[in-house]
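Can you make the complete structure from the sequences, with help from the hints?
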Amino acid sequence: ANTVGLVIERIRTEEELDYCYWYCENCNNELHRMPFHLGDIVKQLPKILSEYYDTPELVTCDQCGEVMKEPELKK
Numbered sequence: 001a002n003t004v005g006l007v008i009e010r011i012r013t014e015e016e017l018d019y020c021y022w023y024c025e026n027c028n029n030e031l032h033r034m035p036f037h038l039g040d041i042v043k044q045l046p047k048i049l050s051e052y053y054d055t056p057e058l059v060t061c062d063q064c065g066e067v068m069k070e071p072e073l074k075k
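Per the working numbering, the sequence shown runs over residues 1 to 75.
FYI, nobody ran anything at the bench for these hints, they're computed from the structure. Note that beta-carbon positions come from the ideal geometry of N, C-alpha and C, so glycine has one too. One or more of the hints may lead you astray.
Claimed, not checked - So the derived label-pair ranges between C-beta atoms look like this:
#1 V4 x V42: 19 to 25 angstroms
#2 C64 x L38: 30 to 36 angstroms
#3 Y53 x V7: 16 to 22 angstroms
#4 T55 x E14: 24 to 30 angstroms
#5 E14 x D62: 30 to 36 angstroms
#6 E14 x I48: 15 to 21 angstroms
#7 E25 x K75: 30 to 36 angstroms
#8 R10 x E66: 29 to 35 angstroms
Stated by the list, open to error - Okay, derived cross-link-like pairs now, SDA-like style, lysine to any residue, Cα gap no bigger than 20 angstroms in a straight line:
#9 K43 x L17
#10 K74 x L45
#11 K75 x P46
See below:
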């Protein structure tokens with residue numbers, strides 16, 4: 001799906017949040033920023049991704065109108 005991901009981890013305090021960011025593939029505008037407190041990434045990440053991709057307002061760029069498609073997962 002031509003995506004790039006970067007994960008940097010360190011021990012976090014209870015007050016610290018992690019964030020997922022999405023950017024327009026056409027104009028690089030920030031589409032959405034989702035804060036969350038990381039507990040179990042295997043359980044949390046699918047819910048975060050579903051919430052993002054299932055919300056048309058979040059996947060549509062307000063600058064150029066590009067709609068980000070959910071990437072197909074390879075099995």
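Check your understanding: For this structure, which hints from the list above don't hold up?
Key -> 7
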